Amino acid sequence: MSVIPDQRRAPTDCTTMAEVRQGVDALDRALVALLAERQRYMDAAARIKGEREAVFDEARIEDVVAKVKAEARRAGLSEAIAEPVWRLLIDRCIAYEFDRWDELRLANG
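Residue numbers (the working numbering): 622 to 730.
Derived by calculation from the structure, the hints in this document are not laboratory data. Computed from a predicted structure; not experimentally measured. Ideal Cβ placement from N, Cα and C applies to all residues, glycine included.
For lysine to any residue, the following SDA-like pairs were computed, each having C-alpha atoms within a straight-line distance of at most 20 Å: (1) K688 with E658; (2) K670 with R721; (3) K690 with V706; (4) K688 with M663.
Here are the in silico distance ranges between beta carbons for each label pair: (5) A728 with F677: 15 to 23 Å; (6) L727 with Q643: 39 to 47 Å; (7) S699 with D723: 32 to 40 Å; (8) V685 with A651: 16 to 24 Å; (9) L655 with A687: 18 to 26 Å; (10) E679 with D634: 38 to 46 Å; (11) E640 with E674: 44 to 52 Å; (12) R673 with A631: 40 to 48 Å; (13) E679 with V653: 25 to 33 Å; (14) A631 with I669: 38 to 46 Å; (15) Q643 with E674: 42 to 50 Å; (16) T636 with P705: 30 to 38 Å; (17) L648 with L725: 32 to 40 Å.
Sequences and hints are given; from them, build the entire structure.
See the structure below:
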């Protein structure tokens, strides 16, 4: 039996739904931490970008999605999961970045 470092069982070793749920919950905690880090990069982008129009960049969106799809294929993640999840993530991150961009400019007058 293989155990992944945070004490969850590998999916192939799970024999009960409790073990599956424990693994999913552990991964969710890790994903939240990674998404919080990604959000901090949006904070940095909002601080760095000089023009509000720079927040939405269609070419960058498509570049990110293409890279995610390639990584999904490499990692064995269905593109039918990866692409819509990342498009929604990007959409929400852009909305967040617009808010942060506005807040920073209003705070600094």
